[in-house]
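Start from chain A and add chain B according to the hints.
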Amino acid sequence: MSMIAGGHGEANPNKTYLSAKGIWITYTLVVVSVHILLLAVPFLSISFAWSITNILHNLAQVYFLHTIKGHPWISTENSSDIRQTHWEQIDGGEQFTATRKFLTAFPIVLFLLTCLYTRNDIDHFIVNFVALVVVLLPKLPYFHGVRVFGINKY
Amino acid sequence: MSILLVGEIFSILLNTPTYVLVIEFILTASVLCMIFVRSGPRDNSGRKRKLTKEEEEEAIKNYTPEDLIEELGYELSSKTVTGRVGKHITIDGKKCLNVATHNYLGLLEDQTILEKAMVSLKKYGVGSCGPRGFYGTLDVHLDLEDKLAKFMGAEEAVVYSYGFSTMASAIPAYSKRNDVIFADEKVNFAIQKGLQASRSTVYFYKHNNMADLERLLLEKIPLHKKNPKHRRFLVAEGIYMNTGEMCPLPELVAIRKKYQLRLFLDEGISFGTIGKTGRGLTELLNVDPLEIDLICGSLEWAVPSVGGFCVGSHFIIEHQRLSGLGYCFSASLPPLLTQAAITALDTFEEHPEMFSELVEVSKKVHKELASLPKFKLSGDKLSPVKHLFLEDQQKTVEEKILILEQIVEKCLSNSLAIVDAKYLLDKEQANPEPSLRITVNRKLTDDDVKNCVNVLKNVSNSIC
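Taken in sequence, the protein lines are chains A and B. Everything in the first sequence is counted per this note's numbering, starting at 1 for the first residue and increasing by one. Everything in the second sequence is counted per this note's numbering, starting at 1 for the first residue and increasing by one.
Hints were generated in silico from the structure; no laboratory data involved. Quick caveat: nothing in here was measured; it's all calculated off a predicted structure. Honestly, I wouldn't trust all of these hints.
Stated by the list, open to error - List of simulated lysine-lysine pairs, DSS-like, C-alpha gap at most 27 Å:
(1) A:Lys153 with B:Lys176
(2) B:Lys376 with B:Lys87
(3) B:Lys50 with A:Lys15
(4) A:Lys153 with B:Lys225
(5) B:Lys50 with A:Lys101
(6) B:Lys376 with B:Lys427
(7) A:Lys15 with A:Lys153
(8) B:Lys94 with A:Lys153
(9) B:Lys50 with A:Lys21
(10) A:Lys69 with B:Lys79
(11) B:Lys229 with A:Lys69
(12) B:Lys226 with A:Lys139
(13) B:Lys367 with B:Lys410
(14) B:Lys225 with A:Lys69
(15) B:Lys226 with A:Lys69
(16) B:Lys176 with B:Lys258
(17) B:Lys116 with B:Lys443
(18) B:Lys364 with B:Lys457
(19) B:Lys367 with B:Lys257
(20) A:Lys153 with B:Lys226
(21) A:Lys21 with A:Lys153
(22) B:Lys95 with B:Lys427
(23) B:Lys226 with B:Lys257
(24) A:Lys69 with B:Lys176
(25) B:Lys94 with B:Lys79
(26) B:Lys176 with A:Lys15
(27) A:Lys153 with B:Lys229
Isolated chain B (complex conformation):
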């Protein structure tokens, strides 16, 4: 039997061309190699063995774990603020005029909002005790969402419990790996974190430079055409926190249409400040809100509460209720703060003259600040946020930061509360130029503005 088999194989091999035999021989040899050549430490008889004590010690010695926490590299200075932060602020016991905090409409000192919030506090208690999807939804949350949707003229709204996490959650809820995002290089830190968390490919265009955006679109879109599943997003801010400039919304909308992008707009500052009735940039520039896929806003600045919101079509908003991480995994907005936001929206509707008053003050402040000799003013004249950059171009960034810190300290001693914009320099996208960030409050009188500018002028003259 076995002789027959060997004879059979022999006759097969005899009738085979040589190159087939060669290939078969090589393949057999490679299988034998795989079986007999082994890796890892062996003892003398070729069996697998464990590492010796010395080898173990050596391996452990060569291992250096990464630091659990990075070195911070700088120290935070602290000041004590007492009392309510309104038009005036008490810092370390000294009453100062406040142009540092984002309280554009001065509603933080509004008595009706406070009273309504107190009533809500007595009714619901302090916290909501759970995320929205897990026993944290109260009637006030639904009311606020309804009101916001109606106010912004959108189908639906979703409320987040923290302003920062609104945009930082909304972007990664839609944009995923393999998607492409085009964003302005000066977008605020929350948006940058959102872009990072989305794991998409992000391209930054020059600040408010539409020509550069189009160049980037023409250059980069073909690179992604090979992947038919990719989606393209365009991210911009209504008024930029880091510069105070306004985005050219009509151009962005035109580009969105031309290149088939999904446009996300962060109206954090512009909501409740510009436009005839405070509806933001879309109202001011007469753009149909339906042209913008997602509008985000903050309830922490013009509205004296906490949190943020997104408005858009039913599908867009519903998607966030399971995919917006900041919405899903964070306790809902405390009911008293929700009530405060609702009352503020009511105030918006009852007193639309607030917005024109704010714009008037913003223009006035803009005019006065532009006259400062040592500074270069940045920001739209309608914007309630303005930046003062140092005129001196010779100095390094560190030197400028030091000078600005000195100016801030000196202003404080002159009863003017002002801040230099703080950035995590190593974490920012395009390192922002050091600046003083001035915020406008509707309640500022002409004298206040004059006083503020005078103090700034004197202090800057004495330091620079």
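Excised from the complex, chain A in its bound form:
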């Protein structure tokens, strides 16, 4: 998606804005800056700073990608976007696109780094792993549009 004069003419920019130039770097920078802020807190150990970064990131993903539905723009088309989460709207529902791969790989890499920095401590591992599973499950193509146990159905 490129920026053109007079707006992009996209009825639902949720579908495309994540594939814009510089989004991957921006995303990474935001997470890194949050992490640096946490590292700067005096009484937090490095292990805790990493775990908290990981959990905050995953909570943000669960909320913004997998919980809230619809989009903040008035729909000009009679589409079903209003019932879909942001993740389901990305690239119009197409699976395994670059954007989707990035958003899936990011929490995994973050988790692996967290494991390393917590020296694979079991308590940290369990908490971080649960947080990872929570963001990975709704990203699987099998769960596209599925509301397990009616969670978040309306």
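Just chain B, lined up with the frame of chain A:
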């Protein structure tokens, strides 16, 4: 430095349980998979490439666009009407008695209404040149809304420029996606379009069958309880255009209260025809209009003008001024037609005896039509709209339509203008049974009624 780092990682891994290592290994592998496994056409070195000419041709060949316009599948026959369409109508140069058009009170031939409209025409010109919210509001529009609100005993009224779009706009103005509508299966086409445009979940109950409605309510409401934001609507017509039957309003009002529904009533036919002073079904059945959330009416039938209106509380009406699409995005009613409607309302108030006269004629016509041997009569005896269904149950719908068309043609040659009710069969909700739709005019004399029934009897005997 790097040796230290590798040693550090190694010591971490050495002190890790095996299942953690396995999980971490799987996750690393999945990330690598995502990076290296790619989709889409590739060239030999694995780079993304464009489609070749042949592949493009193939893709284009496999693409079939949808038709822009659907095939109609039938032809409309045309007839030329000249002069004013009153009690008599001139079709292709032949003067016929008119029981086909909706002119219940015969006000289309009223001289005062015509004169008042002419005065208005000289004052304002023909059109209003804009939608109501955009330079299209004139004093006559506000007058008409005031008058309608007062006449119907409601707080406020809103006037639409086209009768069809009144209900078709009013329903989707309130009922949205996730809402639930319960509607009679025989509601007219305008309401059906409104139900469709609302994108709500619609359940149809059997025509005028309150037991079926209650069954449906008990069955379907729990399904929507999970969504706390949903609203429930009940849609009915005062007198049904497609059957001529009257809705059991007191029962509907009781159900509205019991199940907490919002009741929308289309008084298109019943406004200006039944009730002691023409105020419609609420007056006839002694129901408090406040019990009905929204009443819609038409200015095209009893009132000899164009357009429609909704009456209700201030909040309900104000909402439509921005959310009623037919109100917002359509030029307002031409001032001369607005003036005609105002004058007609004045006539309603000056001559309330009109309504009892109409009811008398309706009853008379009902009695006479019921005696026709080849037909089954449908419709309330007070209703100015009546339907004649063919008695013969063996025939298919297509055969019945053909027979009715023949009857209509033969009646025309016998100086009786009559219509068979036309439906877009593939677009209707419950396919209505083919019928002749008879409309009553207040000006019909006993001789006219006798004559009409005689012609129908002779024609039907010769054809069926």
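Structure-based check of all given hints:
no.: 1; hint: A:Lys153 with B:Lys176; result: holds (17 Å)
no.: 2; hint: B:Lys376 with B:Lys87; result: holds (25 Å)
no.: 3; hint: B:Lys50 with A:Lys15; result: holds (23 Å)
no.: 4; hint: A:Lys153 with B:Lys225; result: holds (12 Å)
no.: 5; hint: B:Lys50 with A:Lys101; result: holds (22 Å)
no.: 6; hint: B:Lys376 with B:Lys427; result: holds (25 Å)
no.: 7; hint: A:Lys15 with A:Lys153; result: holds (21 Å)
no.: 8; hint: B:Lys94 with A:Lys153; result: violated (64 Å)
no.: 9; hint: B:Lys50 with A:Lys21; result: holds (21 Å)
no.: 10; hint: A:Lys69 with B:Lys79; result: violated (54 Å)
no.: 11; hint: B:Lys229 with A:Lys69; result: holds (15 Å)
no.: 12; hint: B:Lys226 with A:Lys139; result: holds (25 Å)
no.: 13; hint: B:Lys367 with B:Lys410; result: holds (23 Å)
no.: 14; hint: B:Lys225 with A:Lys69; result: holds (20 Å)
no.: 15; hint: B:Lys226 with A:Lys69; result: holds (17 Å)
no.: 16; hint: B:Lys176 with B:Lys258; result: holds (22 Å)
no.: 17; hint: B:Lys116 with B:Lys443; result: holds (22 Å)
no.: 18; hint: B:Lys364 with B:Lys457; result: holds (16 Å)
no.: 19; hint: B:Lys367 with B:Lys257; result: violated (36 Å)
no.: 20; hint: A:Lys153 with B:Lys226; result: holds (9 Å)
no.: 21; hint: A:Lys21 with A:Lys153; result: violated (33 Å)
no.: 22; hint: B:Lys95 with B:Lys427; result: violated (34 Å)
no.: 23; hint: B:Lys226 with B:Lys257; result: holds (21 Å)
no.: 24; hint: A:Lys69 with B:Lys176; result: holds (17 Å)
no.: 25; hint: B:Lys94 with B:Lys79; result: holds (11 Å)
no.: 26; hint: B:Lys176 with A:Lys15; result: holds (24 Å)
no.: 27; hint: A:Lys153 with B:Lys229; result: holds (12 Å)
Hints 8, 10, 19, 21, 22 from the earlier list are contradicted by this structure; the remaining hints agree with it.
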